[in-house]
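Undergrad: Residue numbers (my numbering), protein chains in the order written: chain A, 1448 to 1582; chain B, 9 to 465.
Since the hints were made in silico from the structure, they are not lab data. Built from N, CA and C at the ideal position, the CB exists for glycine as well. Some hints here could point you the wrong way.
If the Cβ cut is set under 7 angstroms, some of the chain A residues that face chain B in the computed set are [to be verified]:
#1 1453
#2 1480
#3 1481
#4 1578
#5 1579
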Amino acid sequence: MKRPRTRWAVAGLITAAALLALIPVGRWERDRHARHELAGIRRVMAAVGPLDQPALDAYRVGVGPAMDCLLYKRGSNPFALELCFDDAGRVIEAIDRRGSRPRISSIREDPSASTVHIDRAKALALIARMKQPAQ
Amino acid sequence: MTEARRTALDLVTAGTLCAAVLAAACGSSVLLGVVSVGKPARWVLLGLLGAVALARALAFRSEWRLRLIVAAGLVVLCALCLESAAWSIMPHRTFERSVSVCVVICVSAVLAGSAALSTPTARRLLGGLLTAAALVAAAGFILWLVDPSKAVQAASTEYPARFQGFEQNPNTGAMLLAFGMPLAFGRALAAGTVWRALPFVLLLLAFIAEIVASGSRGGLVAGFLALLVVLVLVSWPRRRRVGAAVAVLAALVLAAWVVTIPNALTASAPAALTPPAPVASRGIDAETVIPLREEIGGPWWTHTNGAIHRTLFSTGTRTRAWRGAIEQALGRPVGGYGFGAEQPAFVNRYYGFHSDNPENGYIGLLIQFGLVGLIAFLTVVVVCLVPAVRQSVGGGAGRDGWAPAAVGAASAGLFLGLSQSYFHAAGNIVFLAFWVAVLLASTAGLSLRPKAATPAG
């Protein structure tokens, strides 16, 4: 009678320890994922260069979780590179469409984890300029 | 006297269970007035069900049983849900969802424990679930008679007109009806005489008819596969079971063929590959050319006109979304994004896919609490179902006939998970019913061998 009880107690302790160990693992995984996505966002930002440039030819306003985006032309592709930022100026998504399929780096599920910022006022001014009628 | 008391308490419990499932159905009804009542009512009725279940358990506490391994599995699963708030992308939401799911699981466990040594109690609880499904089917039919425009989703260029009955989506009501199919079938098989089986056969046919009219492929397949599960477990001679299984498969093929009869509207003109729209402004609004919600598989990438032809077996758009969702889940493979955070974590970028979740409960669980959570969930379900399967295969099911129906209903819930994401949603139309069926199944062996039972606690 005593043995099964001991066995259950040991199994319970092991399970409890495993559950507790999962907390640092889950947090590490969260940080690692954020780092990985932010590295992708930085790569696209580096490929874009300065925000205001002649290749800037498209935009999005108020998509997803209140994101605005700037899109840059490369070669014949008018939407080759894209940067999306939230209302705090954090870049939370970047898309590279220069290949045969899009390469998306996104942290839009957790914008607060983004450490990449752009000058939001400047970005909005660029969008406002693009919205103006063509001459 | 004791039996009369037991019967009275059972009927109250089964009635409250039925009302709680109905309230969940009302919470997702197409009628806005019903929704505003149903949404809060489902939590009130869940609380009431908990109180009634507790009263039933206390009134016959010497008979209350739950296997220790099942109880331990449920504790681990609930603990995992709650602790995922520690790494969740939305800790508050994770905590709220976890609490609501744990409450439903606890209430289901209390209910199931009361039925462990009482076959009539188990039958009555399953009867409560079957009644709820029947009432939802009837409500849908009545609504169709009164206001067909509400009960039928109008045809589009992607889908034909689909019966949605009382619910706001054709797939929602079909979920509960698919869940009800094995329950009705199990009751029909256990009825003994043709005349006693007839009402349940008619009910089964009504469920099938409404699911077919809804065009819900997931519901149809889940319901029929669950019937096969019942047939595998029911204590019939093998030849009879094989014959019945062939009939069920033939009915599935027929039903699937009927689903293909209505056609979607034909598009007036093919949507040509959209070149960058004529620029009236200095820049292009990219949403008009390559919307973020249609990035993957969209016409801009595929250089097609983007027309979608949905057939009975077409799964292209859904599998594309599943692949993307799995990729997203593998970004945090061990612990996931946090329980209940499926919707914010899953971003719909898939052309032709119209949902904010991956429409697959298992992938949804993988996103929410990673491989650890998915394995824990599957382990708990298997541990719960094994006793009923063992009892049924061993011939024990012939004595009362409810275990195959319970396993069948639980299987329907598991099959539904392949096309619907609901394992995290306590307010979903089948969530409570699913856990009641699963946990009832876990008590199956106990009802025949009370001496082998391990009292919880």
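Undergrad: For every hint, state whether the structure bears it out.
TA: Hint check results:
1. 1453: 14 angstroms, violated
2. 1480: 5 angstroms, holds
3. 1481: Cβ of residue 1481(A) sits 10 angstroms from chain B, so the hint is violated.
4. 1578: 5 angstroms, holds
5. 1579: 5 angstroms, holds
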